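Novice: Each chain, letter by letter, is given below.
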Amino acid sequence: MAWQWFHRLGSPRWFYEKTQAWLPWLTAITLVLLVVGSIWGLAFAPADAKQGNSYRIIYIHVPAAFLALAGYYIMAISGAIGLIWKMKLPYMVMKSAAPIGAALTFVSLVTGSIWGKPTWGTWWEWDARITSMLILFFLYLGIMALQQAFHSRDTGDKASAILALVGTVNIPIIYKSVDWWYTLHQPATIKFVGESSIHPSMLYPLLIMVIAFYCFYALALLLYTRAEILRRESRTQWVNELVARQAGSVNHDIPVKGGSAV
Amino acid sequence: MHPVRKQRLIIVLFIVVFSSLAIGLMAYALRENINLFYPPSKIAAGEVPQNTRIRAGGCVKPGSVSRASDSLLVSFVITDGGADVPVTYSGILPDLFAEGEAAVVNGMINDAGVFEATEVLAKHDENYVPPEVAEAMKDKGEHQASCKGMTYDS
Amino acid sequence: MNFQFDSFASFIAMNGHGPFVWAAYGITFAVLAYLLASPLLQRRRFVREQARQQRIANRNPD
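Protein chains in written order, with my numbering: chain G, -1 to 260; chain X, 275 to 428; chain U, 34 to 95.
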């Protein structure tokens, strides 16, 4: 029974039609959480005793870094499922996850650099945490480039899935780098075990922003995957019908006979 | 599970495990070079390269910071509990540089054993508290423990 | 939970950290907006292109 559900989930058409109804809800939740979390963090959370107001960058820096790492696992696991079951949809998810992960890694590098100047006194330092994050950025870019490097889309999918799997070793290295080596970057503030080392009045907006970024990630991944589904399934009848419906609702004066008549 | 799929699953696991192993061994071999700085006790024990630029990191010893009255010259001592290294620096210090806080200095050790820094970076900890709470903690003497968050042994 | 600043001007200035904080937030939200706009534009471009090809196919039935 479980396998049947699994295989239905692998159908691009089923996925496309199912996720249609989720989009407005997900958009609304994401926007509300982002607005509430940002305003809370920027204006209502107290300043830090040592860093003053510059610490407010944490409310975007930490969530972006979280999703840059979590998104890598989503991409690599999708690639693995694509390799093992040879299903179409996981490869589309994998391809969609790469630009989102690259953008979020970029955001965490840039916001970290902007935060570093007023606190550490430097924009950039080649310590283990920052360097391994830069490697993650290039991994994402490499996976995007490898996808395009082959004439056959199938070969591109397989090659980039293998690169994504090889790169997974970098994720625990990034996470533990501040504990394993002497770095300029401080250790983790939000701890999975034990008490977080941030005052509750500053923690609540941070948790809201982390949830907001998870919702944002889900939304962006859905949008990218849906666009990819249309491109890859462009020769199927259901996409042709969908295009005819969409184009017909925009341009009433141009009669469209195709699609269902074929 | 279909045997062909099972075989492909094993190949996927193989790729992950062996690439992790290879990169893990590489990181282990390079572990000294991956460290951004040397702790004072390694410097005192002579375990650091001579006559080259290195970074040292540790806690700025409370009461050790002295500034020249007519220039930007400042001297202080960094410590990791095991050993002290005296540092001199001429320039503007980062805002978060303070006694009892961690710092990373970049420069060379001269013949007198003084670290002549050309760059000083403040290393802040992972604790975030509002000013009132920090004030209250100070009264109880909890925040006096200098560089509490830093670990010096590894 | 209170507004942490005396005035709107001090909220913008953030005790001198304003340029850093606002630049970080500005860049982040620009990237997030791009991540939502990009797939929507891709989808629109795809539908327009496919509709054009359907019209060509309908005009020349062979």
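Calculated from the structure, these hints are not laboratory results.
Misleading hints may appear alongside valid ones.
[As the list claims (entries may be wrong)] Facing chain X, a subset of chain G residues (Cβ under 10 Å, in silico):
1) Ala19
2) Pro22
3) Thr25
4) Thr129
5) Tyr180
6) Met200
[Unchecked claim] Some residues of chain G that are not near chain U, with every Cβ distance over 12 Å (derived):
7) Trp12
8) Trp83
9) Trp113
10) Thr117
11) Tyr173
12) Ser199
13) Tyr215
14) Leu221
15) Val237
16) Leu240
[Stated by the list, open to error] With the C-beta cut set under 10 Å, the calculated list includes, among others, these residues of chain G facing chain X:
17) Ala43
18) Ala47
19) Ile82
20) Thr120
21) Glu123
22) Asp125
23) Thr153
24) Pro170
25) Leu182
26) Ser195
27) Leu201
28) Tyr202
29) Cys213
Treat the numbers as computed from the prediction; the structure is a model and nothing was measured.
Where a beta carbon is used, it is the ideal one built from N, C-alpha and C, also for glycine.
Novice: State for each hint whether it applies.
Specialist: These are the hints, each one checked on the structure:
1. Ala19: Cβ of G/Ala19 sits 32 Å from chain X, so the hint is violated.
2. Pro22: 36 Å, violated
3. Thr25: 31 Å, violated
4. Thr129: 8 Å, holds
5. Tyr180: 4 Å, holds
6. Met200: 5 Å, holds
7. Trp12: At roughly 18 Å from the nearest Cβ of chain U, G/Trp12 sits farther out than 12 Å, so the non-interface label holds.
8. Trp83: The assertion about G/Trp83 holds, with a minimum of 25 Å to chain U.
9. Trp113: 7 Å, violated
10. Thr117: At about 9 Å from chain U, G/Thr117 fails to clear the 12 Å cut-off, so the statement is violated.
11. Tyr173: The claim holds: G/Tyr173 sits with its nearest Cβ about 21 Å from chain U, beyond 12 Å.
12. Ser199: G/Ser199 is in fact no farther than 12 Å from some Cβ atom of chain U, at 7 Å.
13. Tyr215: Violated, since 9 Å does not exceed 12 Å.
14. Leu221: 4 Å, violated
15. Val237: Violated, since 8 Å does not exceed 12 Å.
16. Leu240: The assertion about G/Leu240 is violated, with a minimum of 8 Å to chain U.
17. Ala43: With a minimum Cβ separation of about 8 Å from chain X (threshold 10 Å), the hint on G/Ala43 holds.
18. Ala47: For G/Ala47, the interface hint holds, since the closest Cβ of chain X sits about 3 Å away, which is under 10 Å.
19. Ile82: Nearest chain X Cβ about 5 Å off; hint holds.
20. Thr120: Hint on G/Thr120: holds, closest Cβ of chain X at ~6 Å, below 10 Å.
21. Glu123: With a minimum Cβ separation of about 7 Å from chain X (threshold 10 Å), the hint on G/Glu123 holds.
22. Asp125: Holds. Min distance 4 Å.
23. Thr153: 16 Å, violated
24. Pro170: For G/Pro170, the interface hint holds, since the closest Cβ of chain X sits about 8 Å away, which is under 10 Å.
25. Leu182: 6 Å, holds
26. Ser195: 5 Å, holds
27. Leu201: Status holds, d = 8 Å.
28. Tyr202: With a closest approach of 12 Å, the G/Tyr202 hint is violated.
29. Cys213: For G/Cys213, the interface hint is violated, since the closest Cβ of chain X sits about 24 Å away, which is over 10 Å.
In summary, the numbered hints that this structure violates are 1, 2, 3, 9, 10, 12, 13, 14, 15, 16, 23, 28 and 29.
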